[in-house]
Every structure is written in structure tokens, then in C-alpha cells.
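Work out the full structure: start from the sequences and follow the hints.
In this text, residue positions in the sequence shown follow UniProt numbering: the first is 1, and each later residue adds one.
Warning: the hint list may mix true and false statements.
[Said to hold, decoys possible] Computed Cβ-Cβ distance ranges for the label pairs, DEER-style:
1) D140 to V224: 37 to 47 Å
2) A38 to A74: 42 to 52 Å
3) D308 to P118: 48 to 58 Å
These are calculated hints, taken from the structure and not from any lab test.
Idealized CB from N, CA, C, for every residue including glycine.
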Amino acid sequence: MQRTLSSALYRDPVVYGRERDAVFGAGWQFLGHENEAATPGDYLSAEVAGRSIVAVRGKDAVLRGFHNVCRHRAGPLVTDRSGQCGGELTCKYHGWRYALDGRLRSAVGFGATEGFDPREFGLFPVRLETWRGFVFANLDGAAGPLAELVAPLDGLFEDRGVAVGSATLRRSHELACNWKAYVENYLEGYHIDAVHPALAAEVETARYQVRMNGAVAVHEVPTVGGVNDGLWAWLWPNLAFNVYRHGMMMVEHMQPVGHDRTRLDYLYFYDPESADMDAVLAASDTLTHEDKVICEAVQRNLDAGVYDWGVLSPRHETAVGWFQSRVAEALS
1 MQRTLSSALY RDPVVYGRER DAVFGAGWQF LGHENEAATP GDYLSAEVAG
51 RSIVAVRGKD AVLRGFHNVC RHRAGPLVTD RSGQCGGELT CKYHGWRYAL
101 DGRLRSAVGF GATEGFDPRE FGLFPVRLET WRGFVFANLD GAAGPLAELV
151 APLDGLFEDR GVAVGSATLR RSHELACNWK AYVENYLEGY HIDAVHPALA
201 AEVETARYQV RMNGAVAVHE VPTVGGVNDG LWAWLWPNLA FNVYRHGMMM
251 VEHMQPVGHD RTRLDYLYFY DPESADMDAV LAASDTLTHE DKVICEAVQR
301 NLDAGVYDWG VLSPRHETAV GWFQSRVAEA LS
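Right, dumping it as C-alpha cells:
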């Protein structure tokens with residue numbers, strides 16, 4: 001019998017601070033897709049482990065990552081999720097300008113200063129790697145190759161013929177719960193019959209299975225109708241690839257924004273000529289709302305201090321136990 005993690009790990013800001021470095025700063029975190037920054041000057045930004053990151057396409061077509069921090073007095077370079085900056089990144093505070101490769105181009109109005117060498121004040125770099133067009137960042141620079149982490153997904157995508165559609169749509173949802181409470185909910189189908197009646201009518205929950213391979217957990221269940229394809233793949237520590245029918249996929253980033261808050265960033269890829277987006281979005285919104293209600297209720301009970309630990313089903317919650325073991329190892 002495997003015990004759950006202690007409830008203290010879901011409500012303690014100190015634990016969350018440790019997770020920011022040990023889990024999110026030390027691994028690969030999703031930023032977006034290359035098609036969001038396709039031409040020179042295009043950029044996309046995201047928060048990773050409490051740090052603001054910007055990825056910008058250079059004039060040489062290379063996508064580079066930087067901390068979204070001016071070297072002068074820490075002003076931001078960009079404030080939008082994505083956009084076009086032209087031929088340089090310009091600080092929003094005092095107007096210092098940087099080339100797209102991170103070099104300081106102009107300390108505007110700074111004047112001649114003894115000991116100030118602009119070559120020493122380039123942007124702080126961030127390591128980027130891509131897989132199938134998806135862009136990831138590693139803050140500490142010490143993570144293994146991204147290709148090794150996502151290798152189990154390659155075979156899965158090939159076997160199922162998963163392709164990234166040409167059109168994209170972004171949506172976000174805020175949840176009042178610790179990120180782990182939501183991830184654990186995602187990693188089991190045990191709750192489907194009780195929480196998701198519409199989904200339960202579309203899938204054969206009795207044949208639901210979750211398989212772990214490396215850093216990947218794959219959910220598979222036969223479908224009997226509806227828009228769901230019955231394939232959900234999750235990548236440590238907080239990213240999921242949800243496959244729908246009609247040639248559509250949704251990338252789900254489970255982003256912690258505090259010890260008791262989580263933001264779900266959804267990036268939909270679809271073929272506008274074949275995807276029934278209205279049906280997909282309706283199903284997605286329903287599932288998200290149902291998960292939000294139950295996860296927030298669980299968080300309130302975790303915060304109350306009555307419950308410390310529970311037990312995990314060896315049949316239905318193996319992926320939850322696997323995830324919790326990885327969290328405990330990262331924090332040890």
C-alpha cells in the first residue's frame with residue numbers, strides 16, 4: 001500500500017519555493033510553439049519557475065531564449081504573451097536596446113562612464129531546445145537533452161499519426177488549488193464516473209489504463225462516441241498532450257502561479273477545414289469546469305488541516321503514486 005504525500009506539501013509556501021527550483025527550474029518547461037515566433041523579431045514569453053522568459057527569433061532565423069530582464073535596472077523587455085519587436089528588444093523602463101542575439105546595442109542616454117563596457121551587459125541567456133516544433137526552456141542549464149525526455153512521446157505520436165494542425169488558439173483557466181492537486185487529478189481516470197458524466201458516456205471507463213514510460217504517462221481508453229480520441233499523454237512535470245478527433249490536439253500547461261493557485265494554459269492545434277472547434281471547445285470547457293470544482297474542493301480540505309495523508313489504489317492510481325514519488329525525490 002502506498003501512502004499519499006502529506007497535505008503539508010500542498011499548502012506550504014516554503015515547499016512551493018523549493019519546488020520552483022528543484023522541479024521547474026531544474027527541468028524542461030514548455031514555452032510555446034515555433035509557429036508563434038516564425039519570423040525575425042517575433043517573440044513569445046512565459047513565466048518559468050517565477051522567472052519571466054522571452055524567446056525571440058533572430059535575423060539568422062535562430063530562436064534564442066533570454067531572461068526578460070534588462071541589465072540596467074531590471075525592467076522588462078516585453079510585456080505581451082507574444083508579438084513582434086522589430087529588429088531589437090527595447091526595455092520598457094529606460095529604453096536600453098538589445099540586438100536579437102542578446103547583445104547590448106545602446107544604453108540610451110547613459111553617457112560615457114568609466115568602467116562601463118557594453119559588451120559585458122548583454123541579456124542573461126536561457127537554454128532552449130525544440131521537439132516537433134514545441135519550444136522548451138531549461139533555467140539551470142543542467143537538464144539532460146530534451147530529446148531523451150520526450151522520446152516515449154515520439155513513438156506514440158508516430159503510432160497514432162498525431163500531427164500538429166496549422167491553426168492555433170490559446171485559452172487559460174485559473175484554479176484555486178496547488179499544482180500537484182490538479183496534476184494528480186489529471187493522472188487518473190478513477191474519478192471520471194463521479195466527476196465527468198458526459199465523458200463517462202463517451203469512454204469505456206472499465207478499460208481505462210495508464211502506462212508510464214520514462215518521464216511520460218499515457219492514458220488510453222476505448223471511445224464509444226463524442227469528440228475525444230481517448231488518448232492523453234502527460235510529460236513530467238506539468239505538461240499534457242490531449243488528442244481529439246477531427247485532427248485536433250490541445251497542449252495543456254499546468255502552470256503553478258503560487259502555492260495555492262494554478263493556471264491552465266491551453267494551446268489548441270487544429271485543421272480549420274476539418275476540426276469541429278465548437279464541439280471540442282464545449283467539451284474542453286465542461287471538463288475543465290468539472291475538474292476545477294473538485295480540485296478546489298480538495299484544496300480547501302487539504303488547507304483545513306484535518307487530513308494529513310491517505311492511500312492510493314494499486315489499480316487506478318499507479319500514475320499518481322509514480323508522480324508523487326518523483327516529487328518527493330526532487331525535494332529530497
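Taking the hints in turn, this is what the structure says about them:
1. D140 to V224: 37 to 47 Å: Holds, since D140 and V224 (Cβ atoms, about 45 Å apart) stay within the stated range.
2. A38 to A74: 42 to 52 Å: 29 Å, violated
3. D308 to P118: 48 to 58 Å: For D308 and P118 the Cβ distance comes to about 56 Å; the hint holds.
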